[in-house]
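Q: With the sequences and hints as input, model every part of the structure.
Residue numbers (the working numbering), protein chains in the order written: chain A, 1 to 328; chain B, 1 to 328; chain C, 1 to 204; chain D, 1 to 204.
If you're looking for bench data, these hints aren't it; they were derived computationally from the structure. Not one of these hints is a red herring.
Dumping the calculated DSSO-like pairs for lysine-lysine here, alpha-carbon to alpha-carbon at most 30 Å:
id: 1; chain 1: B; residue 1: Lys127; chain 2: D; residue 2: Lys92
id: 2; chain 1: D; residue 1: Lys123; chain 2: D; residue 2: Lys92
id: 3; chain 1: C; residue 1: Lys92; chain 2: C; residue 2: Lys123
id: 4; chain 1: C; residue 1: Lys92; chain 2: A; residue 2: Lys127
id: 5; chain 1: A; residue 1: Lys245; chain 2: A; residue 2: Lys127
id: 6; chain 1: C; residue 1: Lys123; chain 2: A; residue 2: Lys127
id: 7; chain 1: D; residue 1: Lys50; chain 2: D; residue 2: Lys92
id: 8; chain 1: B; residue 1: Lys127; chain 2: B; residue 2: Lys245
id: 9; chain 1: B; residue 1: Lys127; chain 2: D; residue 2: Lys123
id: 10; chain 1: C; residue 1: Lys50; chain 2: C; residue 2: Lys92
Here is what each chain is made of, one letter per residue.
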Amino acid sequence: MLINVPESVVADALRGIAAAHPELTVDVENRVVVRRDAPVAGQVALVSGGGSGHEPLHAGFVGPGMLAAACPGEVFTSPVPQQMVRAAAAVDSGRGVLFVVKNYTGDVLNFEMAAELAEDEGVQVAKVLVDDDVAVSDSTYTAGRRGTGATLFVEKIAGAAAEEGAPLERVEAIARRVNASARSFGVALSACTTPAKGSPTFDLPPGELELGIGIHGEPGRERRPMMTSREIADFAVDAVLEDLKPSGPVLVLVNGMGATPLLELYGFNAEVQRVLGERGVAVARTLVGNYVTSLDMAGCSVTLCQADEELLRLWDAPVRTAALRWGM
Amino acid sequence: MLINVPESVVADALRGIAAAHPELTVDVENRVVVRRDAPVAGQVALVSGGGSGHEPLHAGFVGPGMLAAACPGEVFTSPVPQQMVRAAAAVDSGRGVLFVVKNYTGDVLNFEMAAELAEDEGVQVAKVLVDDDVAVSDSTYTAGRRGTGATLFVEKIAGAAAEEGAPLERVEAIARRVNASARSFGVALSACTTPAKGSPTFDLPPGELELGIGIHGEPGRERRPMMTSREIADFAVDAVLEDLKPSGPVLVLVNGMGATPLLELYGFNAEVQRVLGERGVAVARTLVGNYVTSLDMAGCSVTLCQADEELLRLWDAPVRTAALRWGM
Amino acid sequence: MLDAEFFRRWMTGAAAAVDREADRLTELDSAIGDADHGANLQRGFAAVVKALEGEPAGTPGAVLTLAGRQLISTVGGASGPLYGTLLRRTGKALGDAAEVAPVQLAEALRAGVAAVAQLGGAKAGDKTMLDALEPAVEALAESLGESFAAAAEAADQGALATVPMQARKGRASYLGERSIGHQDPGATSSALLIAALAGAEGAR
Amino acid sequence: MLDAEFFRRWMTGAAAAVDREADRLTELDSAIGDADHGANLQRGFAAVVKALEGEPAGTPGAVLTLAGRQLISTVGGASGPLYGTLLRRTGKALGDAAEVAPVQLAEALRAGVAAVAQLGGAKAGDKTMLDALEPAVEALAESLGESFAAAAEAADQGALATVPMQARKGRASYLGERSIGHQDPGATSSALLIAALAGAEGAR
Ligand SMILES: Nc1ncnc2c1ncn2[C@@H]1O[C@H](COP(=O)(O)OP(=O)(O)O)[C@@H](O)[C@H]1O
Ligand SMILES: Nc1ncnc2c1ncn2[C@@H]1O[C@H](COP(=O)(O)OP(=O)(O)O)[C@@H](O)[C@H]1O
Ligand SMILES: [Mg+2]
Ligand SMILES: [Mg+2]
Ligand SMILES: [Mg+2]
Ligand SMILES: [Mg+2]
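A: So, in structure tokens, the structure goes:
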């Protein structure tokens, strides 16, 4: 690993982000990344956060048209409430703050505590829970579906609505609509190595893969002998479609887990597009890259989001962040 | 690996690029990626290419303000002359074409043949050789320095000059100036796995690293016990500075080799900035990310480019490609 | 009677135990979670010890609420708010008496564990820290707060009993049946916490 | 005399040898290069065989120039232009005679190898394909073009002799002293090419 000591990876990364992105205000000690012009008068502010190790999520999505602030926790560990409280105070223009929370017990509990504390301080807070991972059945036997790739869609699209000046209830409603319209499925071709553990989080022989993984280096629901890109695309897309049943065109995110070469990821995208074509699903936009990662895990995930005209317009709206940028 | 069969990885990736980027024209069969609006009247056109496996280089840099076309070869194998001939014909507006060639025997020979053939077809061709890797001593005992991270600087800055309408000699001169002002040094924390070989290209135990690697999965000049991010930054930056001796502010590229998590790469950037500060080198701009990769290799490289006002202005100029985009 | 010193010893002992067992906790978490439980608690209890060092003796309740707040503000993850709530609520239930009777602690702990159950929505058998905490609280109550050793033993047994369970809460639940056969990291750290309580008593 | 059929047999034999030895060539290239030499030549010679199948018999010169053009347009890398040039120049030197004498081939090959040396700027001892090709051409010339077997033997020896050399051209040169101790992949494939020549003769 390219680190100093496991204890300092997050602080080190924040210093590195600060140096590379003068358009961000980085509070290294308190672990809050804020767009420099915050609070922006008249705008609802989106605040997200979660464990580190998923970069560019979330700090790479801070900027005009997307997040107002991000709160990185330790690696794969949700941030503590104080981070979100501080972030909310820094970005609230008086029009309220939307917390974008990936559905993990830790994130839910810490953001919940933060919301209470921030409201005590007079900030109006709404929350949206992202839970798009169809590999987890949403039942009383689980902690509910995990938040994975759809987080990018929620943050981009609701962020665009906030940038347009929409009020908190509307930004929240749009965020919920995006989450409700999006589903993901992920596959690991290797485990990942966390700084704290220093060795792969699980054993996965080269000839096997894990289907239905999350983004925390955890094993998936099922292990199988290695499949081809074509077979993986069939499996992942069908898993998503079975649950989503889109009636119109979709946004597609073909996401790398961190160590899958872009060459392979684009090849996988070709297969994803093929299956979608075979299933009669029209594609409105496609994004390919390492956006919601799991450190150095090899693998990929597919997220589909059914997009009506409004969502599509907000998706296309200008955005200016470290990892996602267009139109400005 | 996330592939179908090794033989089809490049074609598969090109189909995936075509699906994700409607703003590019992708000739899958002939392996040429062209910006859709080419040829652009009044503009010199930059054409680059090289072996695949370094994505987003080069196809991810095709678009307004950067390359007019890219020619991807097989994995780690330079493209064949016909690709560049075809690309040159597709993008030449009559003002000539600049071939951006990384200094490897294969690339040099194939681009050379292509230049002859393209000139036979009436295209005015100039060439710039990128050879920035200080790990290789440039002597009669080597094939000369490798072209690595500086390629991004050359393509961006010369591309901006071309976009402004500069004539071929000027675009060529600027490209040469960027290359002459830039140096790189790379480090591998793991080998990479090529589709054709299917196993790591060399054995590197977890507790060791290779100093002075290139971007083709080849071993470096020297193997050492694992170093910290801080130590690696000291070593890499000093290796570059010893050779470059910059007298003014520099552009910094902190580049991941493919499998190094962005979290670690940003942390490494913090260390790179620290050394530069200690050595009294001013930093004008910093770019952090996986841009010139070696498939799934873990590791990083540092490229510094001394930047006068003109180069800085051209660096800041708008660019709109899959991997590098700002201002439009 | 148990004074503030006793509760400080408990926290210091818990911190030492977590330090010693951090790798094992992380290893357990890497089998059915995300490989951070050891590091999480190490960070948290180190902060607890540091905060306690900077504070005057105080009361039993103050010691635990301070510790709870430290965990909440330094651990993150699921275990931060849960353990933080456990200690804060237990501390609050102890009020501001300078000394508390063991039976009072037994009662207060029951309230703390109930708060954990409420916050996380888990119940016995879900393969969580509750599977160690609830038996410990029961054992302590049965002995009218007198036998911390029995509580520690019950917590240990409870942690062991998570091995054959299928997780229904927390990250391990994502694994479905594959969570079976592994001991829950949180239940394991809970057993350490209760063992540290017994240790604090032993040192009286 | 050697007719077009002979040269087709040479190319087909070379393609078969490259196919058979592809993994070994790639393995050698992974030690001091970029692990693609086997795949490169497989792709190239498959194209050669396919192109030859689609063409009428032609002349010895036409067979080799066609093969050379195929290599240039399908291999890429360093070896594509170099082997392509070798075969094209050899073919050109043979002119458009329907049959050529072995001594003519020896002469033509010498011209082809010289063109490789000129294009790549390498010379004997640089640890490249030239270290197999040049001894082969010498041996052939010495036997007045009569002993392809001697040429193959010389090429083999030449390839083996690259083991202790430090590379001064191509990718292996980046390794400096670490390139010592490995056989050069290009010299190895050159030995296969010359062995295929001997094989084509044996099949006469
Ligand atoms: N809803 C819950 N109720 C009670 N305990 C829980 C719950 N969810 C998780 N836990 C406990 O938390 C432990 C994991 O803690 P930790 O690894 O620190 O957090 P995270 O899962 O966020 O990485 C689990 O082993 C389990 O005992
Ligand atoms: N300048 C040169 N002159 C002659 N032969 C060369 C030269 N450079 C490389 N070679 C040969 O090419 C071989 C490598 O071919 P290949 O692996 O196909 O290309 P690449 O190095 O581009 O991957 C080397 O083993 C060497 O024999
Ligand atoms: Mg965690
Ligand atoms: Mg090659
Ligand atoms: Mg955990
Ligand atoms: Mg090679």
